[in-house]
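Protein chains: 2
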Amino acid sequence: MSLDEPRRKPHERLAEMLSDDLGRVDALIRERMASEHAPRIPEVTAHLVEAGGKRLRPMLTLASARMCGYDGPYHVHLAATVEFIHTATLLHDDVVDESRKRRGRPTANLLWDNKSSVLVGDYLFARAFQLMTETGNLRVLRILSDAAATIAEGEVLQLTVAQNLSTTEDTYLKVVRGKTAALFSAATEVGGVIAGRPDDEVRALFDYGDALGIAFQIVDDLLDYWGSDATGKNVGDDFRERKLTLPLIKAVAAGDAEERTFWTRVIAKGDQQEGDLDHALTLMNRHGALEATRQDALAWAGKAKSAMTSLPPSEMRDLLIDLNDYVVARVS
Amino acid sequence: MSLDEPRRKPHERLAEMLSDDLGRVDALIRERMASEHAPRIPEVTAHLVEAGGKRLRPMLTLASARMCGYDGPYHVHLAATVEFIHTATLLHDDVVDESRKRRGRPTANLLWDNKSSVLVGDYLFARAFQLMTETGNLRVLRILSDAAATIAEGEVLQLTVAQNLSTTEDTYLKVVRGKTAALFSAATEVGGVIAGRPDDEVRALFDYGDALGIAFQIVDDLLDYWGSDATGKNVGDDFRERKLTLPLIKAVAAGDAEERTFWTRVIAKGDQQEGDLDHALTLMNRHGALEATRQDALAWAGKAKSAMTSLPPSEMRDLLIDLNDYVVARVS
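Protein sequences, first through last, are from chains Z and S.
Per this note's numbering, the very first residue in the first sequence carries number 1; after that it's consecutive.
Per this note's numbering, the very first residue in the second sequence carries number 1; after that it's consecutive.
Rather than coming from a laboratory, the hints here were simulated on the basis of the structure.
Some hints here could point you the wrong way.
Quick list of simulated restraints, FRET-style, between CB atoms [claimed, not checked]:
1. S:20 - Z:264: 51 to 57 Å
2. Z:162 - S:302: 49 to 55 Å
3. S:332 - Z:100: 50 to 56 Å
Listed below are the simulated SDA-like cross-link pairs for lysine to any residue, each with C-alpha atoms no more than 20 Å apart in a straight line [what the hints assert, rightly or not]:
4. Z:54 - Z:113
5. S:174 - S:207
6. Z:243 - S:42
7. Z:269 - S:262
8. Z:243 - Z:303
9. S:174 - Z:303
10. Z:54 - Z:269
11. Z:101 - Z:278
12. Z:54 - Z:104
13. Z:243 - Z:278
14. S:305 - S:200
15. Z:174 - S:161
16. Z:54 - Z:30
17. Z:243 - S:37
18. S:243 - Z:17
19. S:174 - Z:36
20. S:243 - Z:37
21. Z:174 - S:322
22. Z:174 - S:269
23. S:174 - Z:17
24. Z:174 - S:35
25. Z:269 - Z:104
26. Z:269 - Z:259
27. S:269 - Z:269
28. Z:174 - S:174
29. S:243 - S:200
30. S:243 - Z:40
31. S:54 - S:322
32. Z:174 - S:42
33. S:174 - Z:34
34. S:101 - S:50
35. S:174 - Z:37
36. Z:243 - S:165
37. Z:303 - Z:113
38. S:269 - S:161
39. S:174 - Z:70
40. Z:174 - Z:113
Note that beta-carbon positions come from the ideal geometry of N, C-alpha and C, so glycine has one too.
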């Protein structure tokens, strides 16, 4: 271990520990995003894949399989499956949200068009299903196709609750489970399944991924109000897009009639003026909404940690615990 | 057999012969298009499903399984899978083509929005993969996930060749294999696979579906120039949308420099004026492009018939042969 080891971030340490496997995943992704007939497909996919996300989801699968003692080849297929599903979702999300930037670059829908993003996303979904079918493991097929359905369901739910001030914390959780946690939990669960681990361990891996995903998304939504330039997030994006995320849901629920009038104007009606974001932050702080959101994120991280701690100790397990700590450290 | 029997169309006779199975498919579709959390999903899906397409693709699966002597329950799952993939594709197609009408009703992207069509389509894709996973048959999983990839690839290819006058018949065939024939051939092939038929029979079922799908699409593209009110198609839609379909590809390839100038203006540049469609039809007839397209459709129908004729005789087999004859009868 080098001297600067402790300063490196958990996902960087995971990436190093899994570097051989990650190399195989990248090679498989590159091979399978090719298309003999339609060169537009690898162009669009490469634009997104090579922008270099953190590869968090495929790392969860690789780490989970490794800590479960898996020594076959298929964790690589499953990790690539998970990344393909994620990439397909991003392509479709950017169409749905009319986004212009992703990972610091113009989105595919902007560089090419919405049509290409929709159809290349479909291609990647199909490629994901081909890849997971190659494992020959029906249980992972069930888990991943269930996850894909839950993701789409969460996204549709998010669409129908947008700008809706009566959105509850329960609905928010369903949306988050769909758009984020479903793929996290599938990613960790299949690692245990492919390794043939007993049901209680597989369940713990699912619980870890589920809670980590929820904590991850709550932190993301919190930083949208709490963030600074250091976090790389623009404060107020969700406010401007009138998204009912947890801090806002809590503030709205605690507000009096006058505050309700304010939220109706800026969120439900979308009539936003100079100073409204500052006033929203004032109201959130008045009701402790940001702090309560932070506590929720910490509670979910606690659940993730306790699920992972129930599993047999290993270096990989401890790194996954560190990763979970790191996710909430941004708001600790 | 009743007296009016001979006058009924082959897909109507198929629907009657398969009515019990089709009822099970409809019930399964209705069950699986539900969503506990997002009511928008069944709304959008029902709008399309209940508009009542001919259920041609699921019937192909049911008929194929039945003629192969299959007596298990999973042909119903596979038929519903095929219909879900088809419906998802239609939802995404209508977004990509900015369509306003489908099956005589306003499209979902018009009634709701593009976002709903994209995300509900994703949900139906995922539901399709869940359904086919339930069969536990890895070979059908491979066939159907391959088909889904081929469909998306064909659609992307179609996007990149649109308005491109140098599109060849070979490229056209690739697009058609993707957007239409891949699901037809998968639909018939899985019927044989699930029934455990030998490889040569499965191959014949694939060949039938492939050639039937190609003939079906060529006829459709031909009727866009040849049709009358009786066919329910508007003559010239593809021309106005500047699609490089087979009649146009043949006419462009046979044209002289002056004709090339015309095609460049109306198709490549999209500068269309009164009388251009009539002139296009004159050029097509001058070069026998419509007749040559008709001959191609008949040749593919011949291939489909010969593949099906190689299989053991049965009432169902003969109905599938009649269906194939009927597809090209519209241009015979």
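Which hint numbers does the structure go against, in order from smallest to largest? Hints 4, 6, 7, 8, 9, 10, 11, 15, 18, 21, 22, 23, 25, 27, 28, 29, 36, 37, 39 and 40 are the ones this structure does not satisfy, whereas the remaining hints hold.
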